[in-house]
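Please model the entire structure based on the sequences and the hints provided.
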Amino acid sequence: GEDVEQSLFLSVREGDSSVINCTYTDSSSTYLYWYKQEPGAGLQLLTYIFSNMDMKQDQRLTVLLNKKDKHLSLRIADTQTGDSAIYFCAERAGSNTGNQFYFGTGTSLTVIP
Amino acid sequence: GAGVSQSPSNKVTEKGKDVELRCDPISGHTALYWYRQRLGQGLEFLIYFQGNSAPDKSGLPSDRFSAERTGESVSTLTIQRTQQEDSAVYLCASSLDWGGNTGELFFGEGSRLTVL
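Protein chains in written order, with my numbering: chain A, 345 to 457; chain B, 23 to 138.
Keep in mind the hints are simulated off the structure, nothing from the lab.
On a predicted model such as this, the values are computed, not experimentally measured, just so you know.
Each hint should be verified, as a subset may be incorrect.
Said to hold, decoys possible - The calculated lysine to aspartate or glutamate pairs, modelled on EDC-like cross-linking and capped at a C-alpha distance of 20 Å, are:
1. Lys380/A to Asp402/A
2. Lys33/B to Glu131/B
3. Lys79/B to Asp360/A
4. Lys380/A to Glu131/B
5. Lys411/A to Glu358/A
6. Lys79/B to Glu94/B
7. Lys39/B to Glu107/B
8. Lys380/A to Glu126/B
9. Lys380/A to Asp427/A
10. Lys400/A to Asp422/A
11. Lys414/A to Asp398/A
12. Lys400/A to Glu66/B
13. Lys37/B to Asp85/B
14. Lys380/A to Glu66/B
15. Lys412/A to Asp398/A
Said to hold, decoys possible - Listed next, the stretches of chain B that the computed footprint assigns to chain A, with coverage defined by at least 3 CB atoms under 8 Å from CB atoms of chain A:
16. 51-57
17. 64-75
Stated by the list, open to error - Computed from the model, here is a short list of chain A residues facing chain B with C-beta under 8 Å:
18. Phe432
19. Phe445
20. Phe447
21. Thr449
Cβ coordinates follow ideal geometry from the N, Cα and C atoms, glycine included.
Printed below as a string of C-alpha cells:
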C-alpha cells in the first residue's frame, strides 16, 4: 500500500491554533481527507480537498495541500477541548478494482485547558 | 439504522478459536471496507468489496483471515485459529463508490477483539 505519514502526538493550549501535518506518496491521489476519531468511536470525515486545489477553508478548519512535496496539513483555529481526538490523514488512489483509501497512523491531539 | 453497524462491539476469545465479525453497511452503499487498528497504530487496510466485483483482498495478513459479502449488504470478517497478534479493533466502513463522488467513508464504531 501507499505510505501516509503523520506525527503521533500534538499538544496545544486552548485557544491556540493546531497544525497537523501529513505526507503521502501517491502523486495520482484524487482526494485527500482528514478524519477525526473521538475516544471509543469510529472515524468521521472532518474535511477533504480535491487534488487540484491548494487550499480549502471550512469555518475553523484550513487545509493546505502542496502537491509538489506531497504534503497536507490541517490547521484548527481557536482550538477547543472538544477538538481533542485522533486525526487521520487519508488519500484516495484509484485502482483497476475501484477506489482504495490509505490512512496515516493518526495524530493524537491533546488540548490543554 | 442510519449508520454503519458492527457486531459484536467487544469480543474476548482464547487463542486458537475462530471468530466472526459482522458489518451492516449503510443501505445503498456499494463499497465496503474492512480495516484493522492495532493499539497506537494507524488503520491497516484488510479487504474491499465493490458491488458484484471480485473483492480486493490484498490487505489480508494471512490465510486465516477471510471475508464475505452478500450482494451489497452485510459483510462478515472471519479470523480462524486466532493469535494474540490479532488483538485489535476491526473497523468497517461503507461508501457510495462511483465516479464524481468525493468518496467519503462512513465508519462503524468497530469490533474490539482481544485474544487471550
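Do the hints match the structure? See the list:
1. Annotation: proposed proximity of Lys380/A to Asp402/A holds, straight-line Cα distance about 15 Å (limit 20 Å).
2. For the hint pairing Lys33/B with Glu131/B, the CA-to-CA distance comes to about 14 Å; that is within 20 Å, so the pair holds.
3. For the hint pairing Lys79/B with Asp360/A, the CA-to-CA distance comes to about 43 Å; that exceeds 20 Å, so the pair is violated.
4. Restraint check: the Cα-Cα separation between Lys380/A and Glu131/B comes to about 13 Å, which is no more than 20 Å; the hinted pair holds.
5. Only pairs whose Cα atoms come within 20 Å are accepted, and Lys411/A paired with Glu358/A is rejected, the gap being roughly 31 Å.
6. The suggested pairing of Lys79/B with Glu94/B holds, with an alpha-carbon distance near 17 Å, which does not exceed 20 Å.
7. Straight-line distance between C-alpha atoms of Lys39/B and Glu107/B comes to about 13 Å, which keeps the hinted pair within the 20 Å bound.
8. Taking the CA atoms of Lys380/A and Glu126/B, the gap is near 13 Å; set against the 20 Å cutoff, the hint holds.
9. A threshold of 20 Å between alpha carbons decides the hint, and for Lys380/A with Asp427/A the separation of about 9 Å falls inside it, so the pair holds.
10. Distance hint between Lys400/A and Asp422/A is fulfilled; the C-alpha atoms sit about 17 Å from each other, no more than 20 Å.
11. Between Lys414/A and Asp398/A, the direct Cα distance comes to roughly 11 Å. Compliance with the 20 Å bound is thereby established for this hinted pair.
12. A distance of roughly 27 Å separates the Cα atoms of Lys400/A and Glu66/B; the hinted pair therefore is violated under the 20 Å criterion.
13. Proximity of Lys37/B to Asp85/B is assessed by CA-CA distance (about 16 Å); at most 20 Å being required, the pair is judged to hold.
14. A threshold of 20 Å between alpha carbons decides the hint, and for Lys380/A with Glu66/B the separation of about 16 Å falls inside it, so the pair holds.
15. About 11 Å separates the Cα atoms of Lys412/A and Asp398/A, which keeps this hinted pair within 20 Å; it holds.
16. Requiring three or more residues with a Cβ within less than 8 Å of a Cβ of chain A, the coverage given for the segment 51-57 of chain B holds, as 3 such residues are present.
17. Remark: the segment 64-75 of chain B is confirmed as covered by chain A, as 6 of its residues place a Cβ nearer than 8 Å to a Cβ of that chain, reaching the required three.
18. Of the supplied interface hints, the one on Phe432/A holds, with its beta-carbon coming within about 7 Å of a beta-carbon of chain B, less than 8 Å.
19. Annotation: Phe445/A was flagged as interfacial toward chain B, and the flag holds, the nearest CB pair being 6 Å apart, inside 8 Å.
20. Below 8 Å, beta-carbon pairs count as interface contacts, and Phe447/A has one with chain B at about 4 Å; its hint therefore holds.
21. With 8 Å as the threshold, the beta carbon of Thr449/A comes within range of chain B, its nearest partner Cβ sitting at about 4 Å, so the hint holds.
Violation of the numbered hints given earlier is confined to hints 3, 5 and 12; the remaining hints are satisfied by the structure.
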